[in-house]
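J.: Chains as they are written, first to last, in this note's numbering: chain A, 1 to 323; chain B, 1 to 663; chain C, 1 to 148; chain D, 1 to 127; chain E, 1 to 265.
Warning: the hint list may mix true and false statements.
[Claimed, not checked] For lysine-lysine, the following DSBU-like pairs were computed, each having C-alpha atoms within a straight-line distance of at most 35 Å:
1) Lys19/D / Lys458/B
2) Lys137/E / Lys471/B
3) Lys59/D / Lys15/E
4) Lys203/E / Lys59/D
5) Lys141/B / Lys257/B
6) Lys607/B / Lys222/A
7) Lys256/B / Lys314/B
8) Lys398/B / Lys383/B
9) Lys238/E / Lys208/E
10) Lys146/E / Lys383/B
These are calculated hints, taken from the structure and not from any lab test.
Listed below are the residues making up each chain.
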Amino acid sequence: MQEAMINRAKQLLADGAVNRVIGWKRGEFAYDITPAVFETAEELEKEFVYDDFTAANVSKYLVKESKKEGKILAFLKPCDTYSFNQLTKEHRVVRENVYIVGIPGGPKLDAEKIKAKGITGILGVKNENYTLKIDTVYGEEIMPFYEAILDKCATCKSKKHVVYDELMGEEGDVLDSNRFDMVEKLENMTAQERFDFWRDQLSKCIRCNACRNVCPACTCEKCVFDNPNSGVENKAPADSFEENMFHIIRAFHVAGRCTDCGECSRVCPQNIPLHLLNRKFIKDINSLYGEYQAGEDTTSRAPLNDYKQDDCEASIVHERGVE
Amino acid sequence: MQRIGVFVCHCGTNIAATVDVKSVAEALGHEPGVVISQDYQYMCSESGQNLVKNAIKEHNLTGVVVCSCSPRMHENTFRKAAAAAGLNPYLVEIANIREQCSWIHKDIASATEKAIILGKAAVAKVHLNAPLTAGESPVAKRALVIGGGIAGIQTALDIAEAGFEVDIVEKNPTIGGKMAQIDKTFPTLDCAACILTPKMVEASQNEKITIHSFSEVTDVKGFVGNFTVTIKKKARFVDETKCTGCGLCTEKCPMKKVPNEFNMGLDNRTAIYIPFAQAVPKVATIDPNFCMMMKTGKCGVCSKVCSVGAIDYKQEDRFIEQKYGAIVVATGFNPIKLDKYDEFAYNQCPDVVTSLELERLMNAAGPNGGTLLRPSDKTHPHKIVFVQCVGSRCDDSKGKPYCSKICCMYTAKHAMLIREKYPDTEVYVFYIDVRTPGKNFDEFYRRAVEQYNVHYIKGMVGKVTPRSDGKIDVQASDLLANEQLHIDADMVVLAAAIEPDKTARPLATMLTTQMDTNDFFTEAHPKLRPVESATAGIFLSGACQGPKDIPETVAQASAAAAKAIGLLVKDSITCNPCVAHSDELMCNGCSSCEKVCPYGAITYIDKEFKMPDRTIAVRRVASVNPAVCQGCGACTVACPSGAMDLNGFSNNQIMAEVDAICK
Amino acid sequence: MQVNENKEFQPLIVAFCCNWCSYAGADLSGTNRLNYPSNVKIIRVPCSCRVNPMFILRAFQRGADGVILCGCHPGDCHYTSGNYFTRRRMTLLFSMLDFLGIERDRTRVEWVSAAEGAKFAATMNEFTEAVKKLGPNRRLEDLRCRKQ
Amino acid sequence: MNKNLKEQVLRSSGVDVLKCMRCGKCSGTCPSYDEMEYHPHQFVYMVERGDIETLMNSKSIYKCLTCFACVDRCPRNVEPAKIVEAVRLAAIRQQGNNHMNPNQIPEMLDDDLPQQAIVTAFRKYIK
Amino acid sequence: METFTYYPGCTLRTKAKDLDLYARSSAEALGIALEEPADWQCCGGAYTTAKDEIATKLSAVRTLNSAKENNRPLITVCSACHNVIKQTNYDIANDEEMASKVNNYLKLDEPYSGETTVYHYLEMLRDVVGFDNLAQKVVNPFKGKKIAAYYGCLLLRPSKALAMDDPENPTIMEDFIKAIGGTPVIYAQRNECCGGYITLEDKAQASKRSSAVMRSAQDQGADMIITACPLCLYNLKKNSGSELPVYYFTELLAEALGLKEGNHE
């Protein structure tokens, strides 16, 4: 795949169809893959990477990149296309300035899960018939492929690209995923249990802002948490702000806009399952206001910017579920 | 440094009896920034106000908090007082310690404590108040009336009377609307044409009124006082300025088999036509769907006979753009199509007609010259059955859920007129309820029964079967007699429900006004603002807002005119300064605010920004039109970045109140 | 939170009221001398849709024990559609607070018209009672924000 | 007024009798009107009042042809025929209350009568 | 050749053989294969609208389910069967409670929830074959014949469930008549009841209804009347006292297609 992508990118650069390519390159470690912009065939040859660790969603980078001179080539996985569409809808990216090549998505690997098996010094991986062969400085190790995949890929919602200019590989379908199972499990706990669960999780937050920085829906010119006029400015962990405000406000800000790409949880160094907050909103929106998938299109009204005269009352929260 | 004055009102004993006003003044005097804190018997009195004014001047106050009755009572009083003393009126905040404190609590200690907290919240808020200036926006001294029926004509005449220019846009070749098709009017039975046509002429002769007939509104931009409207003048293939309306062309036109819309298709007209004798403007129009010249290129008779050379087969649609200060919607109504109600055999039998068709059949200018004859065989009907509520009050997919309001009265009128003119004709009216609220209305209906012997039967027709002998078998229930009747009728008249004109919905979108599920325009307030739409500068006239008879329509038309005049007399309009504004530096241009704005007050512009790295970036940012914004604040919450804020109720101000209360 | 001498828990209730209906309704209950507890402190907003979820969280963080939001009845909004947006926002916010284990009875939305003075008083009485039963808000309050 | 019977009829028919605006169109369109003692609009009204037994004891319940004219033409979507059916069922479900005895059938037959008529009558008259 | 599951119903096996016979032969000529399920049961003749009647709905559901299992649309000819089966299908699809009760009874491999498409033979002619195509295959057109279509009640109502045509102003049979070369006669009583099963115990009522229908058709100048329902045919012929000929529409179809010696002239 990587080979084909590089070739296609080189071709598009050569044709003058695009003048830059956004892809990924390797960081310090084999599993440390970050988005990068390439301008020449040489750079591509040398550094472009697309492998089982390439999970990062490049859509957000296009907010800036698509506003520059010329057209940029972006390789988007199915989940990334939803983010891209949502950004188009919100006028955050300039669609005309991006040439989108849809590429097959995950499942992608979670290095943490491999490390959790006691495997360290990872140099590279190979997926052979769903057995993961891990090349390490200490020799080859193996583990079942599916035990090493990212949580967000385990609950993948769609393998279909909702926007692209061309596709590489086969197009997939929207999946009937089990992504709300964990939300449901929490809903069925008692209020005290839920409180304990979340207090336990959210108190781990160190306010590194990785969730915010990676989130393709968080593209505000100036974040409310950095803005003294917003009334909720808070730049560092000082009190119980993270438990009581930060994550709730953040989730609410992206409610109806979050495409459920799962990046927030993927990048959280404290492994807080932040995506569950977003999914709770998605689940509520689906059940109360009709199925809605942010990013599925570029025209529909976001559920929070819409209403029906016969919407349920807020008291529905009191009437249902476990106390 | 803020210098805030606090003024605590006793309101006689209204406040002082349950709130220890002295301790309130004392406590608030210690709040940061407060330089003077006083109490007084009646703050709203002349001397109370002077107290405030003097303190403003003396202490050079930057903010005023009055602890008194509800701001809904006296906020304006104290704002004016502040303004008189040279302080921006929006630097005044009221703490409501009467309605929301002294009047509801009995315990002095807790009431006083609460009054202090409410005062502190007001002080905290006023710290963040900014001086606001109500903006002004100029008013274009011209009104647009959309629709040239009786509603539109009346509105236009009233506005013109007040001295303002008015344009009427009418989609048909002539103004007059439905009323022009009506024969007589209830409850007086005077002839509709006799009272309408003089008004039509008056409209056409009034210097202030311009009639754009055969035209449509295609675009509306702008806001109250400042609308820019594009009007399409559809090609009528006759030069309006040349045509004298002599009618020779319509006599000579060889294509004589075009269904005549004005007579509800009950007779034919020519391809070039003037809808009716009193049409305004009295100008011919060519119907390109039937004109031989337009279809085959052979004919040209009209062009040959026209002595002024008005015929122009190559005419094209023209677009004109005009500025208006106010827009009045008067798009009217139509009877619904009865395709789905063929149990009444409307599609099977020409002698089953709608009430509007009956109007034409009875009209002196109608297809039969005013003699009531059956459409099928032109014989005189001896037994006529009227069916009420056809498609009204329905809870099915075929009809309308509302009462069409006018049918009971016009049916009584028809019944009475027929009995008057043709005493040998028996008239049956099947009704569910007879609804006659209106001056002299019930008396009118009773006259139909008592004086004219119209048979009113409580029940409904269930099946109509036309027969080859020309009779129509009407099967119906008579609920009071508990019988099923079969009447051998000669004609059946259906009181079809009325619905808003189909052009109304796209128009509402252009005007950013609201409609209900039935496509009637929604008034700004159902009781108190019945002729205004919720969008400033857009007014509603006639049946486009709901079913109405002629007197009601005219009353509403004049009311809408009065509202429009009230706007047009102003050189500029003062805007509520408590409106939303967007911080361009923070705005993402995401359109969330625009989506929730009920007034269309938000637009987007591409703006250049100097970036820290000295490059220039073009960003899409929201811009609020302060003349259109009503200050609800929906956008402020929809805005993800917090760029949108509301003057007078800013995020910081409300948070400060929250903090003060929760301390 | 206020603690009276008799030590009965007195909750702090913040009520956001829209200017056109509910604030006027509150005034009316005053005009009619219909009592409700002094625990309730009203903040006036132009429309219920002005209330940002952040305000509610802020109130809890600063020590409020209950927050109620009052607006015009659906369909009667002075700004025609504001309270419809409020309804969706608050439904989702309350559901989220519930999801985080915050007691449901601490939040409420009620539609009160300008004519419903009695309803306003009754609602405030009920709501205060309900919050009183729950006891002090400890789950969302930031102890460091509390004034000693 | 028999509350239980009323509830049973409402549940079984699925009809909301309160939607009726008393226009009488059902009775205006009913082809069996003259054969009935109680007419479609009366069925709706009497069920609303809870006067079910009178209807159950009336021959009217066997006169409805189930032609659904009243159902389709009712402006309020009340579906009177479903009420008639529910009342009839309430009647024939009572023991020994079948409206037709299968033994009678042979004498009703003629050479051309389609089976359809007999099975329909079974459905309508016998439980 | 497209294949459909074909449900004849009780009467088509006995008293209405013509309706069945010519439906089959015409279908074949029109390139439609009709496959009869092996174990069909009588539909019951009338649909019980009551929500608490489950047993009376089961046989129709079995038929629908067998079509579903064969993954084919279901075709009916007899108006009564059509009415019962379509109403059953509609209620199963729209009334969850009823559907679950029915499925509890039937214990099918996979619950039935209204998946089968049900066509009346006329709908098949209109929507699958197309009246234009049919017209091209006609060899013996009914030229100059004024033919009155009799819908009765069962084909059209309740229109929410049947959804075959406009219940007050239907055109499907008239279009059929045009396709076979005849001239349709519109008359008001075409969608009124013939008296139906009431003929068993009240001949007078049946006679009143059927004569009203016949009179109305005759009145508008009909030469003959066509129907899709055996019971309608019986009532119109036996109880109306009218001499106007009554045929099944399939008889005319077969004649037009040259598959049957006719009553043409």
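J.: Compare the structure with each hint and give your call.
T.: Checked hints:
1. A threshold of 35 Å between alpha carbons decides the hint, and for Lys19/D with Lys458/B the separation of about 18 Å falls inside it, so the pair holds.
2. With a C-alpha separation of about 41 Å, the suggested pairing of Lys137/E with Lys471/B is violated against the 35 Å cut-off.
3. Note on Lys59/D and Lys15/E: the hinted pairing holds, with a Cα-Cα distance of about 30 Å set against a maximum of 35 Å.
4. A distance of roughly 16 Å separates the Cα atoms of Lys203/E and Lys59/D; the hinted pair therefore holds under the 35 Å criterion.
5. At roughly 46 Å between alpha-carbon atoms, Lys141/B and Lys257/B are farther apart than 35 Å, so this suggested pair is violated.
6. Proposed proximity of Lys607/B and Lys222/A is supported: the alpha carbons are some 17 Å apart, at most 35 Å.
7. Between Lys256/B and Lys314/B, the direct Cα distance comes to roughly 22 Å. Compliance with the 35 Å bound is thereby established for this hinted pair.
8. A hinted pair counts as satisfied when its Cα atoms are at most 35 Å apart, and Lys398/B with Lys383/B qualifies at roughly 28 Å.
9. A C-alpha spacing of about 12 Å is found between Lys238/E and Lys208/E, which places the hinted pair at or below 35 Å, so the restraint holds.
10. With a C-alpha separation of about 31 Å, the suggested pairing of Lys146/E with Lys383/B holds against the 35 Å cut-off.
Figure legend: structure checked against the earlier numbered hints; hints not met, in rising order: 2 and 5.
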